[in-house]
Structures are given as C-alpha cells and as structure tokens.
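*Asks:* Please model the complete structure; the sequences and the hints are all you need to start from.
Heads up: the protein sequence lines correspond to chains A and B, in order. Just so we're aligned, residue 1 is where the first sequence starts under our numbering, counting upward by one. Just so we're aligned, residue 1 is where the second sequence starts under our numbering, counting upward by one.
These are calculated hints, taken from the structure and not from any lab test. Note that beta-carbon positions come from the ideal geometry of N, C-alpha and C, so glycine has one too. Be aware that a few hints might be false.
[What the hints assert, rightly or not] Here are the computed lysine-lysine pairs in the BS3-like style, where the Cα-Cα straight-line distance is at most 25 Å:
hint : chain 1 : residue 1 : chain 2 : residue 2
1    : A       : K208      : B       : K204
2    : A       : K204      : A       : K178
3    : A       : K305      : A       : K86
4    : B       : K208      : B       : K191
5    : B       : K208      : B       : K178
6    : A       : K178      : A       : K208
7    : B       : K305      : A       : K204
8    : B       : K208      : A       : K204
9    : B       : K305      : B       : K83
[What the hints assert, rightly or not] These stretches of chain B come out as covered by chain A in the derived footprint (C-beta under 8 Å, 3 or more residues):
hint : segment
10   : 14–26
11   : 224–233
There are 2 protein chains.
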Amino acid sequence: MGGDHAPSEVVKGALLAARAGDIDLLLVGQTTVVEAELRQLPHQGLPISIVEAPQVVAMDEHPANALRQKPQSSIAVGLHLLKEGKADAFVSAGSTGGVVAFALATLGMMNGIERPAIGVLYPTAKGQAMLMDGGATADCRPAYLLQFAQLGNRYLERVMGIHRPRVGLLNIGEEEGKGNRLAMEAHKLLKESSLNFVGNIEGKDVFKGEVDLVITDGFTGNVALKLSEGLAEFLLVTLRDTLTRNTLRKALAYFLRPALRRAAEGLDYRRAGGALLLGVQGNVVIAHGRSDAAAIRSAVGRAAKAVQERWLEG
Amino acid sequence: MGGDHAPSEVVKGALLAARAGDIDLLLVGQTTVVEAELRQLPHQGLPISIVEAPQVVAMDEHPANALRQKPQSSIAVGLHLLKEGKADAFVSAGSTGGVVAFALATLGMMNGIERPAIGVLYPTAKGQAMLMDGGATADCRPAYLLQFAQLGNRYLERVMGIHRPRVGLLNIGEEEGKGNRLAMEAHKLLKESSLNFVGNIEGKDVFKGEVDLVITDGFTGNVALKLSEGLAEFLLVTLRDTLTRNTLRKALAYFLRPALRRAAEGLDYRRAGGALLLGVQGNVVIAHGRSDAAAIRSAVGRAAKAVQERWLEG
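*Replies:* In structure tokens form, the structure reads like this:
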C-alpha cells in the first residue's frame, strides 16, 4: 500500500518478480484494493496470496505515531509475517521511517548490533559500492559505525560475493586524525578491526569506486544520498537548457536524450533495487517511494537473493 | 605561495584583478620567486608591492604543525598585514586548514561568534546560494549553527545585496522534529531568531534555489561540497563514455563538449571565486587549491567587494 504509485505499480512489479524468479508472493494490503489490481493483470499459475491489512501508513506520517496507531497497517502486518516465519523477506515502498520503526519493534536487532542502518547500493566509475547508514540512525556512537561496517561487510561478502570488501570511512580529509570526534573515534575502531579497512574517504572520491563500502552516520549518509539525487537532477536540467539554446544543439540533444536520462537514473539510487535495512533480525528491503514496477521488481529480486544466500544465518 | 598552480597562476590572477579593479596588490611570498613571475608578465603602472615571506605551508601539512613551525609562511605574514591594518583583505589558494588555523590565531573571532565557518557560494536552478560551514568547524554545538546563520545573513545582505535572505537548515526531513540532536536543537534556535528562517532543507532540494543560505556543521557541509564536486565529475565522465559508444554519438559529442564542461565547472565551487572565511576579524578568502588565474582573479574580486561593502563594521 506504500509509495507514490501504490498499489498499481507495486503489484505489477511484484508479479514481474514472481514470474522471473522462484518466488512465492504474499501481497499485504487492503484485500479489495489488491484484488482489483490483480484482476487487471495476467497472473495465472503464479503463487500469489493476499494478506489482509486494513490500515495504511501515510508517507509523511510520523513513525512513532504510526507505530502506536496502526498495528494493522500493511507495514506492521508484513513484518509480523516475517517475525512468525510465514515470510522470508519483506519489501516496502512505503515510508522509510515507518518501516524502520516497525522493523525495530517487530523483529528486534541482530546479536551484537545496537542500531539499524540502511545500506544503499550506488553506481561508481568502476561498478557499484554500498553506502551505509543511509538514514536509519541519525545520531551515532563510534561503535555503531564499526557495527555498520561489520554488517555491510557480511552482506557484501555473502550476498554480493565480494571477497574482503574494501571499507572506507566517509570523512573530511584522507589522513588519520581528520574529521569530527565521531569520525576520529570510528577510524580507530575500524583500524583495529579485522575488516579490510582502507582508511578515510572524502566526498569527492565516493564515486571513484576505490572502496566497496562507505561507512558514515545516518545523518551525513542521508544528506549525501539525497544531495546526489538532487544534484544529478539539477545537472541534467542545466545540460538540457544548454543543449536547447540553439537549433543545432537542439537537434543533437534529440539523439542524446536517452543517454542523459540513463546517466541520471543511475543516481536515483533507490529506484535501482531498493535499499537494505541491515541490523534487524530479518530481510527487509525499502524501495524508493517513487518506485515504478521495474524498481519494485528489482527490489523483490534483491530481497530474494538475500534470502537465498542466507546471509543472516550464523 | 599556496595552491597547485602557485606561484604562476596566482600572480597572474592577482594582476588580472588589479587591472580590472581599484586594487592595491601586496604579493606575499618568497621575493625572488615572486619577482621572477612578475618579470614574465606585463604589470607597468599597477600598484604592486612584494612582501617577503620565506616559508611555505605545504598543502597536506598539519595545520597545528604549520602554526607552530612556520611563523614566516606566506599565510602567516599575509594575515599579519591584515591584523596590523596594512592590508584590507587576504586571499590564499593554500591549505584550507592552514588558513583557518592561522586566521584564528592571528585575527581572533568577531564579537559574539564562537567558531569560524567557511561560506561557499554555489549555483542553483534559480541563481546562487551560500552553504556554510563548508569545513572550518567539524564539531558544532547548536549555538554555533545559529551564529553561522547570523554571519551568513549579514554577509548576504550587505555584500550580495539580498534583502532578508531565506535561511534553511540542512536536515534529513522537512518537518520540525526531524534530524540528529544537533539539527533539532539548531532548528529551535533558528526558529526563535529574527532571521528569515524557512525551515529544514533536504539534500535533494539544495540545488533548487528555494533558500539563499544553507546552514550545517562543518563536517556535513564539507562532505556535501566535496561529494558534489566528485559527483559532477563522475556524471560528466559517464556521459562522455555513453557519448563515445558509437560513431554517430561520437560526432555529436564533439559539438557538445563545451556545454558539458561548463555544466561541470559550475559545481567545482571554489573555482568560482573562492570561499569566505566568516567569523574571524578580517576579510579572508580561501581559493580552491586547483585555482587557475581566472579563479584567483575572481577570488580577489570577491575579497575587494567585501572590503568595499564594509560588512565587518558595526
């Protein structure tokens, strides 16, 4: 029920995922609404069931309020399926804050992990990297950052098949001893850990692909991700304006439009498969609120992969 | 003596500024080196003097070490001229940390301001805005953010001629009550102030131009600025790659190269005139380490404008 294009694009995307992979779908939401969507889409032979959840958490609803007032929301009901072992993973395009709050309350934390973190995969000059925390824990202690790194390391090793992921700490200088107090303390902890810690990484190097995992607190991480999204959009508009300033360029721009669009979409990070909520006891994927069917499909695929690789176990 | 292209581009840029405006130049550095540069450039009739400073602070030198060990560096000597009233403004393309440390030690803070902040002007969809702190004070208390906003407000009103600048607080949600502890507390202070505070601004909206002044701590601000620089570069390279993938596009790309370059350069923020060190008792402009002559010229111009508008007085 969550997201700007729910339920139609969400249902459509889930069906695409079920058709592509070996996935049993539980569609959680208002039964009549979900049924109406299903009637419009071919889904014969697909293993789909609907789980009733009468309430809906609004995108701008305060997470703490939702938690108190909406125990029958699709987020709450879906996460309970996970808790009870009736589902292996939960995917939502709803309110990020809502999903984080309900997941904490319902699933609890993994052993040795004090706070959750959102792991966001993003494109780099050399492929892909993950940044975390993307916004689950705004105020962090140094130990949390170490735990985020351990979580991310495990996910990248087991699910993404990256051997000894290179871990960088987002900071305002390359040298040790740079940064705010949090970053300086976290640097020490990361250096003493058994992780493949390569040191500080500055904002200008985040997209170079020299590390597999960028660690930061949820405030800085969220600002960084949303800034990237906004900047990519701004640059595209600037380019488009420049390109339409005279007739020759206008003609050229026509041929380049697909290329321009592709470059920007890579940065609309959560569109590309959803972000992982790491640290809670369960596989939870948060898709972007603006997700279309293709984005939901890849978010469900990402959740399925996490289940198949059993990264949460042992 | 500071910056990647010092002294040649620095001297060249300073001469351009002197020729364009009503500016008396004091070139601070190793006299023989500066003289050698001057000999290669036409400068007849320009009011130029050289002030000897035998030491040079390296770009990667630790600011605290430089402060102790290099009392005769061009940064130290230049700031002393300011302190003694022999100069009205100081411009450097040298180590940012070095300039901040020496400026604090030499000039001291303005009344009522506890910490310095770097004000960085950047392009938006509607013109220009200023972000501060760009990296002078990594660990901030809420009161510092209020003081940054007051400083930035005064600068934008007096020097840039913006009436009642719209002030936004960089945060991870639009609603009040969002953010880390620092942002939540700062929000309250800004709301109670007499500033034209428009509320929180998310990363994705920073480039939209809905505010004139974006307030954040020096850690987040520095990450945001460097990330923008790195992302603009990354997007350009991605586009260029896409554009050269087949012959037709290759041909098209040839015509578009200038447009692409212009779009990226706007984001290489400190290239466009230098950042202001606000809060210290004097006009200090920090130009990007990679500054060429044109960038130095506009940094000197920015410093001169700050002096002419007497924004520091009363």
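*Asks:* Hint compliance check: list the failing hint numbers for this structure, sorted ascending.
*Replies:* Of the numbered hints given earlier, those the structure breaks are 7, 10, listed in rising order.
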